[in-house]
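K.L.:
Line order of the protein sequences matches chains V and P.
Whatever position you read off the first sequence (first residue = 1), add 825 for the working numbering.
Whatever position you read off the second sequence (first residue = 1), add 47 for the working numbering.
Heads up, some of the hints might be wrong.
Said to hold, decoys possible - Here are some chain P residues the structure puts well away from chain V; computed CB gaps all over 10 Å:
# : residue
1 : His98
2 : Asp102
3 : Leu136
4 : Ile220
5 : Phe221
6 : Phe266
7 : Val283
8 : Thr291
Unchecked claim - Estimated spans, in silico, between C-beta atoms of each pair:
#  : chain 1 : residue 1 : chain 2 : residue 2 : range
9  : P       : Asn196    : V       : Met985    : 41 to 47 Å
10 : V       : Arg976    : P       : Arg78     : 17 to 23 Å
11 : P       : Ser125    : V       : Leu862    : 22 to 28 Å
12 : P       : Tyr80     : V       : Arg891    : 39 to 45 Å
13 : V       : Ser989    : P       : Asn196    : 29 to 35 Å
14 : P       : Leu150    : V       : Met985    : 46 to 52 Å
15 : P       : Glu287    : V       : Arg891    : 53 to 59 Å
16 : P       : Glu287    : V       : Ser880    : 48 to 54 Å
17 : V       : Gly1073   : P       : Gly138    : 28 to 34 Å
Treat the hints as calculated values from the structure; they're not laboratory data.
Just so you know, even glycine gets a beta-carbon here, dropped at the ideal spot from N, CA and C.
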Amino acid sequence: MKSSSRLMQRLVQLGLLLALLVAWYWATLPGGINQLLLPPPGPVFRDFWVLLTTSSIWPDLAVTVREWIAAFLIATIGGCSLGYIISRSGYAVRVFDPLLAGIYSIPAILLFPLYLLFFGLGPGSKIAIGTTIAFFPVVLNTIAGLSYVDRAYITAARSMGANSLQLFWSVMLPAAFPIVLTGLRLGCILAFLSILGGETISSLAGLGHRIVSLAENMESAQMFGNILFAIAMAFIINGVVSYVEARGRRGMQ
Amino acid sequence: MTEKKGPIMSPGIARLLVILALLALWEIGARLYADPLFLCPPSQAVGALPHIFSDPKIVNAIKITIYEVITAFMISVSIGMAIGLAVGLHGFTKASILPVILLLYATPQATILPLFVLSFGIGPAAKIAFGVSHGIFPVIVTTVAGVQNLRATLLTAARSMGASRIQVFTSIIFPHMIPSFFTGMRLGMTAVLLGVLLAELYVSTAGIGFYTRLFAESFSPPDLFALIAVLATIAVTLNELCRTAERRFSRWHAR
């Protein structure tokens, strides 16, 4: 790819983003969209800056992050161990893999009203929905990773006298790791997104709750500032997790 | 690693037994220990199905949700395909615009749900719009990927033999698009379902989301479980339809 065309691409991307900003500003001029529905960019970025520089968002952020970490940990531990147990036998993989994949295709957000009933409006129901949604990519990728290790490696290690533990640590794990890692990345991001979704539907605290209550109070500029914050956070999480995945993959090779 | 040569029964039957065992465990556990305000055995949920289907309001709610899902799906597929083709057919637009689309795809959409309600109201329009905002991105991305798979030699050959733009599209681009088109449809359907259900659960006055909340808040788990089962059946059916179409139309393409 020539550098001049790459420059052109960057320019087009920048132009698109600028056009979006200008369109946003232009739409909010008097006679355009009601400012309660779409506040002008200026106040939104001012509120976003306030969020970054003051500590007003910390309590809600702490709730969301705590729910997210809990959900991801439970999904990881549960998903990896169940995946390991199932992948021990090829027969179990054939029995359980389609079953889990089938359940995965049902939109799990349906269970949220049930979780509200079981665990209440607090963090419990969000942790439950985050765990449910993050669990499936983790377990399916663990099964996929561990059960498709090249048989030749296993036979070779066995014939050289490796015991089960050695076989697991030095053959199975490194071979399966990249696929398992992809599952963990998906689980991590899905847990965050579904917890935001859960908080939007019903909650007592958290980022999603903040945005909803600002929306209900018609504090549009502040709401957009908070949305910007959540979007920025999702991008950062996405970037960090993808980086860790790429590093982990390289480290294992 | 235990190697089982010649398993006792086929995996399909074993899977069915696992499902039955889980249901039986749930039935026994719920009958013995559960608080009937929160959890009911599956037999009671099945018993609540006639009640759900005999209430015209609930049947109407199910119809509204199906209508929202299908409308959102149609819009996502048609607009997503158009954008995907426009972006994917040229190397330059793909390199410059696709990253912007991926950027939008990666935003946590649940946070902008209140915006949809502010601008489209609490009726079906907001659910359809939110469903489209979920469904359109997978369709665009798979369409672009599908165009990418097009082999350049085929295009050059067709052009050199004097095919017009329309001929190139109908006999080369379109047939090659079909497999990724159906993959996009399947992914789009999953995403649309998620978007519509999220919006329904957030605020609604008529759809299924309204009744799931109502049943949860009035502590009637049999109705709630029955409704969730109905929804899950709808979701699985729509998914399977897309998956079957995907398999059918990709068969010729197997190289």
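K.L.:
With reference to the structure, classify each hint as holding or not holding.
P.N.:
Going down the list of hints, with the structure as the test:
{"no.": "1", "hint": "His98", "in the structure": "holds, 18 Å"}
{"no.": "2", "hint": "Asp102", "in the structure": "holds, 18 Å"}
{"no.": "3", "hint": "Leu136", "in the structure": "holds, 16 Å"}
{"no.": "4", "hint": "Ile220", "in the structure": "holds, 23 Å"}
{"no.": "5", "hint": "Phe221", "in the structure": "holds, 27 Å"}
{"no.": "6", "hint": "Phe266", "in the structure": "violated, 8 Å"}
{"no.": "7", "hint": "Val283", "in the structure": "violated, 6 Å"}
{"no.": "8", "hint": "Thr291", "in the structure": "holds, 13 Å"}
{"no.": "9", "hint": "Asn196(P) with Met985(V): 41 to 47 Å", "in the structure": "holds, 42 Å"}
{"no.": "10", "hint": "Arg976(V) with Arg78(P): 17 to 23 Å", "in the structure": "violated, 46 Å"}
{"no.": "11", "hint": "Ser125(P) with Leu862(V): 22 to 28 Å", "in the structure": "holds, 26 Å"}
{"no.": "12", "hint": "Tyr80(P) with Arg891(V): 39 to 45 Å", "in the structure": "violated, 30 Å"}
{"no.": "13", "hint": "Ser989(V) with Asn196(P): 29 to 35 Å", "in the structure": "violated, 43 Å"}
{"no.": "14", "hint": "Leu150(P) with Met985(V): 46 to 52 Å", "in the structure": "holds, 49 Å"}
{"no.": "15", "hint": "Glu287(P) with Arg891(V): 53 to 59 Å", "in the structure": "violated, 38 Å"}
{"no.": "16", "hint": "Glu287(P) with Ser880(V): 48 to 54 Å", "in the structure": "holds, 50 Å"}
{"no.": "17", "hint": "Gly1073(V) with Gly138(P): 28 to 34 Å", "in the structure": "holds, 32 Å"}
Going down the numbered hints, you'll see the structure goes against 6, 7, 10, 12, 13, 15, while the others check out.
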